[in-house]
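4 protein chains.
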Amino acid sequence: MTDPSKHTATLLVSAPDRPGLVHAISRFLLEHNGNIIHADQHEDAAENLFLMRVEWDLQGFTLQSREAIEQAFAPVAEAFDMRWQMHFSHSRRRMALFTSQYEHCLSDLLHRHRIGELDCEIPLVIGNHESVRDLVESHGIPFHHITITRDNKAQAEARQFALLEEAQVDTIVLARYMQILSPLFVEKYPNRVINIHHSFLPAFDGAKPYHRAHMRGVKLIGATSHYVTSELDEGPIIEQEVTRVSHRDDVADLVEKGRDLEKIVLARAVKWHLQSRVLSYNNKTVVFD
Amino acid sequence: MTDPSKHTATLLVSAPDRPGLVHAISRFLLEHNGNIIHADQHEDAAENLFLMRVEWDLQGFTLQSREAIEQAFAPVAEAFDMRWQMHFSHSRRRMALFTSQYEHCLSDLLHRHRIGELDCEIPLVIGNHESVRDLVESHGIPFHHITITRDNKAQAEARQFALLEEAQVDTIVLARYMQILSPLFVEKYPNRVINIHHSFLPAFDGAKPYHRAHMRGVKLIGATSHYVTSELDEGPIIEQEVTRVSHRDDVADLVEKGRDLEKIVLARAVKWHLQSRVLSYNNKTVVFD
Amino acid sequence: MTDPSKHTATLLVSAPDRPGLVHAISRFLLEHNGNIIHADQHEDAAENLFLMRVEWDLQGFTLQSREAIEQAFAPVAEAFDMRWQMHFSHSRRRMALFTSQYEHCLSDLLHRHRIGELDCEIPLVIGNHESVRDLVESHGIPFHHITITRDNKAQAEARQFALLEEAQVDTIVLARYMQILSPLFVEKYPNRVINIHHSFLPAFDGAKPYHRAHMRGVKLIGATSHYVTSELDEGPIIEQEVTRVSHRDDVADLVEKGRDLEKIVLARAVKWHLQSRVLSYNNKTVVFD
Amino acid sequence: MTDPSKHTATLLVSAPDRPGLVHAISRFLLEHNGNIIHADQHEDAAENLFLMRVEWDLQGFTLQSREAIEQAFAPVAEAFDMRWQMHFSHSRRRMALFTSQYEHCLSDLLHRHRIGELDCEIPLVIGNHESVRDLVESHGIPFHHITITRDNKAQAEARQFALLEEAQVDTIVLARYMQILSPLFVEKYPNRVINIHHSFLPAFDGAKPYHRAHMRGVKLIGATSHYVTSELDEGPIIEQEVTRVSHRDDVADLVEKGRDLEKIVLARAVKWHLQSRVLSYNNKTVVFD
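Chains as they are written, first to last, in full-length UniProt numbering: chain C, 1 to 289; chain P, 1 to 289; chain D, 1 to 289; chain W, 1 to 289.
Hint data in this document are derived by calculation from the structure and do not stem from the laboratory. Source: prediction; values computed, not measured. Careful, some of the hints might be misleading.
One copy or two, it doesn't matter: identical chains are merged, so the pair holds either way.
Stated by the list, open to error - Pairs of lysine-lysine residues, derived as DSS-like cross-links and limited to a Cα-Cα distance of at most 27 angstroms, are as follows:
no., residue 1, residue 2
1, K188, K153
2, K208, K6
3, K188, K284
4, K257, K271
5, K153, K271
6, K271, K188
Go ahead and model the full structure; you've got the sequences and the hints to work with.
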């Protein structure tokens, strides 16, 4: 765990693999007196792709502003055809939660935020059921009730966009939201909308996964968190977990056991995303240690 | 674990649920001085089905022969519309192993048999690769090499049937056999052919599950043992297990990690089957404790 | 899951094992037209002990009051030297939560209660830190702040007893309470005080288990829920779970990962206790399916 | 998985953490045209220690012999006070197995070696029970039966040393050997003797862990692989795993379930050791990804 009192920068890079990549990045950091706190890299040999995450202490670093750092790094990146992004610990992410009447993931994330587990701001919660308002507001967070019907989908999303933009949201978590986002929505927030699906994907994608798991007689049930893409339940998987069930468990039991899975799997994905540890490529993720 | 020196009988029952079922069975045992060693029951409320497994000590039981016991129980069963089967510990099951060149499950089962974990006879192993002969014969078990081609399938199965009948086999384990059995074969051995599939079913049924799991970027891989039915990879699931993988694992890593899953999942299913703990209904299994 | 709209009775029994036990109980139920919903039994061969849990539908049962049922069953119990207890679904347990400033287990249990996962009343929460008052009161539950010091322990417990008695509490959950109960307290609530210890007992009993786990370099950390006895961390274990850690995890990471374990392990133990599924003997538990 | 047809070198390093370490190592590799295949590093902030594993392709590397490489790297290491070791894939490790009559781990490792999972030579097996000779010799490996008694321990170890030296063994695996090695033995092979203990250490160290686990009523049992040090069961832990047990499991069941744990935990530790992925410090291990 990085000391939360430290100011750090994190660089995420992917590039065609070739000698000198690590050296170029480490030289850049060394030249500006950057002390590496964590570094992790991965080579996908089949794709000839190099992926890296490096986090360094900004104390003592000779470049201080985001602009100065990015400008100094740009030529290094260009020389190696890197795709890259930088995050700075003092510029906290702004995360919106979308929710339905199923409030267990919502409640779990709000509590984790309250005790400091989630390094972000939560400027708002948007839901299509009024029943969770008290829960959200008891955490001092504004709740916006937006009903979605067959007919008002475009207007409803337009209102969501307005709220998200006003609140400068960069990450959206679908905490059992139970509504399909439009392609437009997905396109506006690439790799920035995290969903929890209540099955072990790709098994039981789509509707009523617990019912279908019960019908099939599986001995384990699962949950999957993934970035949302235009294909339903087909986005890059961030995390999965399973738990054991038996013939004694009816559908209601699966739903109850599944709630614990959903909470934990979604919380892990959200944490890793907020720590800039997740990099997507080829519809998969690398989750750096 | 039942004391292996004891002679016991095990009754497996399913019946429409109604009051008096447990009482009728317990009275039958009490009347003949049967001491219950294990009993477990399950009610499927949605199907209104009662399922039970009871094992009792044959020492002191006033009925001794299989025929006498079955004859005495028949009227109890009839009164409650039971479907039932009995197994006797002194009449060990006879199990054939079918194998391909992938020998890890084969080797694992042979070793478990050698050290007494599997309560059965293994009168023969049938394989379509000569390479495992030494391994099998080093355990003192005959190996039969039967090549399967597109053209000789019927004849090859006819030869398999002859060997199975001659050896009085009642259970067949496909230890990574990698051949699809004919409908005729499946029909001859209902709920008596156990397969291991190298995925977490229903995900990745069919061919090359590890390749497809890698392509999809899952974070866990699995293995599934099930009874073989006429629908490929669709039979009643007996056991499943998963293990964690990451972006660092290429397909060869998944294959290697998967081998450990396959061995353990198949071994559990085989053990439970041999202990008469598995009851199939509605294309699912109850695995009694 | 038992249909929550049903009224049921649950019997927990232990007795010296001998033929006729199951028959006697099933006959008692049959004679009064009891329809068994769940039954599970266990024989501890080494101790010659028979243990059983049976739950039946009170609709149609010819005995209706708790008194009538207990009176009718007493002679059966006596004939077989049974120790027994009965619980009735319409007489909900009354559970107090004890807490410190570590509020994750508290918050988790309150939320589970809110969404109907815990079949009990929670008439009060007692804590030695004022900081959780808001959380508790936002659930509409009274919070009592009782400070414990080296000097006031006896008086503080006396006040706790008064509150517990006034609220007719029968079950106490130490949700990371971090105070050792006096022998008098433990004696008053045998097998009715559930604690969560943040290690895989018997490893790291006592203080600072995460620090000691980190120092020892373990690859898994655990949590254990148990009934409190007069020996610290030595009571009958109800549930345990572990999660993987690595050299990358410092003590703060273990604490954070451990919170998820503690929540789940404590919640399972509480649920099973409330469902009358836990029976203690010889400082162990049987958790009936 | 590194392509097994490649010749690679692997460097393991620990050093006091300071800026420039990664840069120095990456420059060394770049200067000699080394293409990094895997790199992983760890910073132990509490100890101010930097640890790294880097594997590179020897094809195209301008230094070819072990001597040339080590000589060129020595000044880099000295400049940063590194402790370091290098391994070369074409110089396979030589591993001896020590065993008792409990043959499941032995059989498992021999089978893994047979199918190519373990990248090493196994020049000999030493055991104190004649019963496993056939199993070992069927794999074409010499078996040496050395009986250990209270009186002959020093002579028996002398004979073991002679055999190990003659066979140029560098790694020793205690595959349920059930004998305590002398301090002299441990000193001769520091961090090179791997043991499997049949409990979740530090719980149940010493004798009869399954009996004690059963007595304590734990809900999970475990196994632990570790490097052997002079303190019994106190060496650096390489890997641990657990499996669920219940009140239904007697000691014999724990022993049987434990065998599967022991096999998998020991096999993982052995594989990681052979891949030069394990680095010990402060009586802990770093297992590099």
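For each hint given before, does the structure comply? Return the numbers of the non-compliant ones in rising order.
5
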